[in-house]
Amino acid sequence: MTITARDIEKTFDRYPALNGVTLEIAEGELLALLGPSGSGKTTLLRLIAGLEFPEKGQILFDDQDMTLAGAADRRVGFVFQQYALFRHMTVARNVAFGLDVRKRAQRPSKEEILKRVDELLKLVELDGLGKRFPNQLSGGQRQRVALARALAVNPRVLLLDEPFGALDATVRKSLRKELRRIHDATGVTTIFVTHDQEEALELADRVAILNLGRIEQVGTPTEVYDAPSGPFVCGFVGAANRFEGDVQAERFTGGGLTLAAPGVANGSATAFVRPHDLVPAADGDGFDVVAHRVTAQGPVVHIEGLTLAGLPFEAHFARENAQGLAPGAKLRLAPSKAYVFPA
Amino acid sequence: MKRATARLATEEPAWIKALILAVVATFLVLVLILPMVTVFVEALRRGVGPALEAIREPDAVAAMKLTLLTAAIAVPFNAFFGICAAWAVAKHEFRFKPFLITLIDLPFSVSPVVAGLIYVLVFGAQGWFGEWLIDHDIKIIFATPGIVLATVFVTFPFVARELIPLMQEQGVDEEEAAVSLGASGLRTFWSVTAPNIRWALLYGMLLCNARAMGEFGAVSVVSGHIRGMTNTMPLHVEILYNEYNFVGAFAVAGVLCGLAVVTLTLKTLLEVAQPHGRVGH
Amino acid sequence: MTAPTDRNIVANAPQRTAVQAAPRRGWTWRRRSAIPGFGLTMGVTLAILSCIVLIPLSAVILRSAGQGPADFLSAAFSERAFTAYRLSFGAALVAALINGLFGLPTAWAMVRYQFPGKAAVNAIIDLPFALPTAVAGIALASLYAENGWVGGLLAPLGVKVAYTPLGVIIALTFIGLPFVVRTLEPVMRDLSHDVEEAAASLGASRLDTILRVIMPSLAPAWVTGFAMAFARGVGEYGSVIFIAGNMPYKSEIAPLLIIIELEQYDYAGAAAIAVVMLLVSFAMLFVINAIQAYARRFA
Numbered sequence: 002m003t004i005t006a007r008d009i010e011k012t013f014d015r016y017p018a019l020n021g022v023t024l025e026i027a028e029g030e031l032l033a034l035l036g037p038s039g040s041g042k043t044t045l046l047r048l049i050a051g052l053e054f055p056e057k058g059q060i061l062f063d064d065q066d067m068t069l070a071g072a073a074d075r076r077v078g079f080v081f082q083q084y085a086l087f088r089h090m091t092v093a094r095n096v097a098f099g100l101d102v103r104k105r106a107q108r109p110s111k112e113e114i115l116k117r118v119d120e121l122l123k124l125v126e127l128d129g130l131g132k133r134f135p136n137q138l139s140g141g142q143r144q145r146v147a148l149a150r151a152l153a154v155n156p157r158v159l160l161l162d163e164p165f166g167a168l169d170a171t172v173r174k175s176l177r178k179e180l181r182r183i184h185d186a187t188g189v190t191t192i193f194v195t196h197d198q199e200e201a202l203e204l205a206d207r208v209a210i211l212n213l214g215r216i217e218q219v220g221t222p223t224e225v226y227d228a229p230s231g232p233f234v235c236g237f238v239g240a241a242n243r244f245e246g247d248v249q250a251e252r253f254t255g256g257g258l259t260l261a262a263p264g265v266a267n268g269s270a271t272a273f274v275r276p277h278d279l280v281p282a283a284d285g286d287g288f289d290v291v292a293h294r295v296t297a298q299g300p301v302v303h304i305e306g307l308t309l310a311g312l313p314f315e316a317h318f319a320r321e322n323a324q325g326l327a328p329g330a331k332l333r334l335a336p337s338k339a340y341v342f343p344a
Numbered sequence: 019m020k021r022a023t024a025r026l027a028t029e030e031p032a033w034i035k036a037l038i039l040a041v042v043a044t045f046l047v048l049v050l051i052l053p054m055v056t057v058f059v060e061a062l063r064r065g066v067g068p069a070l071e072a073i074r075e076p077d078a079v080a081a082m083k084l085t086l087l088t089a090a091i092a093v094p095f096n097a098f099f100g101i102c103a104a105w106a107v108a109k110h111e112f113r114f115k116p117f118l119i120t121l122i123d124l125p126f127s128v129s130p131v132v133a134g135l136i137y138v139l140v141f142g143a144q145g146w147f148g149e150w151l152i153d154h155d156i157k158i159i160f161a162t163p164g165i166v167l168a169t170v171f172v173t174f175p176f177v178a179r180e181l182i183p184l185m186q187e188q189g190v191d192e193e194e195a196a197v198s199l200g201a202s203g204l205r206t207f208w209s210v211t212a213p214n215i216r217w218a219l220l221y222g223m224l225l226c227n228a229r230a231m232g233e234f235g236a237v238s239v240v241s242g243h244i245r246g247m248t249n250t251m252p253l254h255v256e257i258l259y260n261e262y263n264f265v266g267a268f269a270v271a272g273v274l275c276g277l278a279v280v281t282l283t284l285k286t287l288l289e290v291a292q293p294h295g296r297v298g299h
Numbered sequence: 021m022t023a024p025t026d027r028n029i030v031a032n033a034p035q036r037t038a039v040q041a042a043p044r045r046g047w048t049w050r051r052r053s054a055i056p057g058f059g060l061t062m063g064v065t066l067a068i069l070s071c072i073v074l075i076p077l078s079a080v081i082l083r084s085a086g087q088g089p090a091d092f093l094s095a096a097f098s099e100r101a102f103t104a105y106r107l108s109f110g111a112a113l114v115a116a117l118i119n120g121l122f123g124l125p126t127a128w129a130m131v132r133y134q135f136p137g138k139a140a141v142n143a144i145i146d147l148p149f150a151l152p153t154a155v156a157g158i159a160l161a162s163l164y165a166e167n168g169w170v171g172g173l174l175a176p177l178g179v180k181v182a183y184t185p186l187g188v189i190i191a192l193t194f195i196g197l198p199f200v201v202r203t204l205e206p207v208m209r210d211l212s213h214d215v216e217e218a219a220a221s222l223g224a225s226r227l228d229t230i231l232r233v234i235m236p237s238l239a240p241a242w243v244t245g246f247a248m249a250f251a252r253g254v255g256e257y258g259s260v261i262f263i264a265g266n267m268p269y270k271s272e273i274a275p276l277l278i279i280i281e282l283e284q285y286d287y288a289g290a291a292a293i294a295v296v297m298l299l300v301s302f303a304m305l306f307v308i309n310a311i312q313a314y315a316r317r318f319a
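Protein chains in written order, with my numbering: chain A, 2 to 344; chain B, 19 to 299; chain C, 21 to 319.
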């Protein structure tokens with residue numbers, strides 16, 4: 002099912018949470034809503050679920066206007082950050098809940114419900130734990146129960162709010178793969194909210210980046226990383242060194258750096274260079290730096306230090322290019338690629 | 019589009035809300051508000067004069083004095099007990115702790131009449147110490163000491179049960195720091211613990227005081243109902259009421275009612291000073 | 021709800037024993053600690069507790085034990101005593117049920133709704149804790165008497181409240197009102213909204229959400245409040261005697277019977293009835309603790 006949010010505005014106590022957001026999610030897609038806290042990403046998710054209602058704009062499920070439909074009438078699966086499991090019900094009853102509460106005419110028979118619960122528990126790899134209570138499960142297991150419960154109603158769209166936020170690093174990694182597997186197995190349109198760019202880039206088909214209640218960019222992980230639409234996306238997705246300066250006649254100068262800036266108008270501007278795009282340079286090219294910290298992290302060597310202008314920088318070299326590099330070393334670096342945005 | 023369905027998932031439909039509020043309002047008016055209004059209406063049935071007279075009459079004044087005296091002994095005593103008990107229970111670990119807490123709470127589960135009865139069985143003429151007390155001409159039952167004892171019993175847990183959970187929650191870190199810096203036990207209590215518990219202590223004492231001034235059943239058993247001597251205010255209300263002196267009864271009741279309003283106001287203010295969601299008695 | 025991780029589930033069980041355990045010299049009943057004053061405060065606590073509560077309470081038990089089982093049973097379960105228990109327990113039960121029924125929406129309104137005068141209503145709910153029971157008694161008696169404001173409305177319908185068991189129920193409803201409301205409120209406040217939202221997004225109607233999700237979480241607190249209101253009602257005296265009528269075998273409550281026995285200097289008889297009431301109180305205390313322990317299982 003295609004989901005469309007059109008010109009959405011939503012305020013909380015006069016503080017704008019969403020400010021003219023338009024977004025379309027395609028059938029079967031796995032989309033990440035990525036942004037810092039307060040960017041409005043969770044609000045957008047809750048609007049799609051019918052847990053909040055916008056002041057302006059529309060929410061469409063295919064061509065159907067769902068803007069003001071209640072949560073119970075939308076058939077969406079929502080996975081809460083803290084899982085929101087029913088504590089007094091067993092795992093199986095939790096998963097069956099969405100089917101149990103259906104009107105008699107639409108409710109599957111007891112046997113069908115049991116069968117469906119078994120299937121789902123198998124899908125999330127919790128078979129055999131149906132009789133447990135939520136407080137007898139680990140965090141990762143609770144997360145899976147929440148997922149199974151949301152999937153039980155055959156939702157038209159699956160919505161997950163910071164699905165891995167409350168888990169520790171190792172569980173988080175394995176559940177990420179799990180979510181991708183389950184999405185591919187069920188084919189259900191899925192939207193998840195995260196503030197972790199690594200998570201968004203690894204998992205999603207497309208990423209929508211929000212900042213201050215607006216969408217900055219929507220694109221595939223490669224697009225948002227390689228072709229950021231603006232300074233916010235460039236700084237938020239992946240690490241980047243930042244240089245303030247000016248553009249004159251499509252050339253950027255600032256922080257000891259001179260770059261081609263095709264298509265950028267004259268005036269003050271900001272240049273971003275990713276650490277792995279900083280490479281050793283010949284004399285007459287690039288800028289001088291002093292390395293203060295050199296740390297090997299697997300195949301990559303991280304170099305932190307100051308430019309002659311006193312700006313901090315970070316560069317990543319492949320190991321073989323960093324032989325003999327020690328703190329205190331003077332280097333000459335040049336960007337192999339840079340992004341320049343008018344300020 | 020049907021606007022009516024734009025209701026948050028955590029809210030009831032408006033008509034259900036209105037229905038609940040109406041039911042609650044009716045219930046509270048019938049059970050709580052009307053009785054309180056009745057007290058003042060009945061007291062002023064013949065105007066302000068007779069009501070004031072009933073309050074100024076010597077027996078009424080004596081009852082007020084006795085009530086104040088009783089509260090003035092019972093409240094500090096129970097506050098002292100409450101602080102000792104809370105210090106021992108909340109700041110130390112020992113076996114049978116839950117059992118001790120249950121014992122401290124016990125007087126709340128005992129009928130006030132039984133509370134009075136136990137002192138009659140101990141100190142009354144036929145009681146354990148009855149003969150000895152008569153020989154030495156000491157009166158406890160049907161006298162002020164009995165009234166104070168019975169009041170102490172029924173208000174026994176008020177301060178302790180406010181302080182114990184609070185002090186348990188606050189832990190022992192600050193006290194351990196003070197002791198390790200060389201402070202004595204008493205100094206630690208005054209400088210470190212007391213500032214943390216003062217609102218809860220006041221709260222407990224406030225509830226303790228309200229119950230001490232209003233206690234009827236337990237005091238009724240041990241008082242002997244001697245006018246001007248062993249009648250507290252609630253007992254005085256009873257006597258006037260049973261003599262069909264309704265204006266007098268409700269006038270004195272009005273004073274107690276005013277006291278209750280003051281208590282509730284102070285209680286609300288204290289809850290602002292230190293919010294908590296405990297159940298009082 | 022806090023964020024549960026695999027780690028702190030495991031770490032829940034042994035708390036601070038490992039750090040604090042002092043070298044043990046044989047059997048010890050308390051853990052050594054750096055905080056002074058344990059001996060003194062514990063001594064004072066136990067001494068006062070014994071003098072004020074435990075020794076006098078044991079008097080009532082020893083007194084009734086001293087009279088032999090036959091006399092005890094005939095005093096404790098005479099026909100008059102039996103009807104008094106029936107009224108005390110029956111009326112307390114009905115009053116607790118009424119409070120359970122109305123206390124639930126009251127607590128809900130206090131926690132979830134905004135309305136004018138809410139702070140005043142919040143204070144008023146505690147009135148039964150603050151108002152002397154005798155005052156409540158005479159107020160209720162004149163309000164529900166046949167010439168009273170409410171009693172006058174009910175009289176034409178043939179309903180007599182004052183001086184009947186119905187009056188006892190009204191008085192005990194007044195006395196027990198705060199218990200249900202005040203035990204429910206904190207639990208309702210702690211209910212997480214996202215559980216209700218989860219139910220709704222799974223297709224549950226508001227009614228289904230309330231019945232299947234909210235009510236089960238409230239049940240332990242509800243039953244606790246009910247039990248507390250009941251326990252308080254059973255022993256209540258002051259507010260009841262003015263409205264009850266106090267007719268032997270009809271509208272006489274158990275605590276009143278104790279007073280009557282005392283006035284006739286039948287101390288043993290009074291003690292026997294008191295023991296029965298004490299046993300019921302202890303049973304209620306046990307029940308309340310058991311409910312709390314049960315509720316903690318799901319926390």
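Worth double-checking, as some hints may not be accurate.
To be verified - With the C-beta cut set under 10 Å, the calculated list includes, among others, these residues of chain B facing chain C:
#1 Glu-111
#2 Asp-123
#3 Leu-139
#4 Glu-289
#5 Gln-292
Claimed, not checked - Beyond 10 Å from chain B on every Cβ pair, some chain C residues (computed):
#6 Ala-79
#7 Arg-83
#8 Val-114
#9 Tyr-133
#10 Tyr-287
In case anyone wonders, no lab produced these hints; they're calculated from the structure.
Heads up, the beta-carbon is just placed ideally off N, CA and C, and yes, glycines get one too.
Cross-check of the supplied hints:
no.	hint	verdict
1	Glu-111	4 Å, holds
2	Asp-123	8 Å, holds
3	Leu-139	4 Å, holds
4	Glu-289	9 Å, holds
5	Gln-292	15 Å, violated
6	Ala-79	4 Å, violated
7	Arg-83	5 Å, violated
8	Val-114	14 Å, holds
9	Tyr-133	6 Å, violated
10	Tyr-287	5 Å, violated
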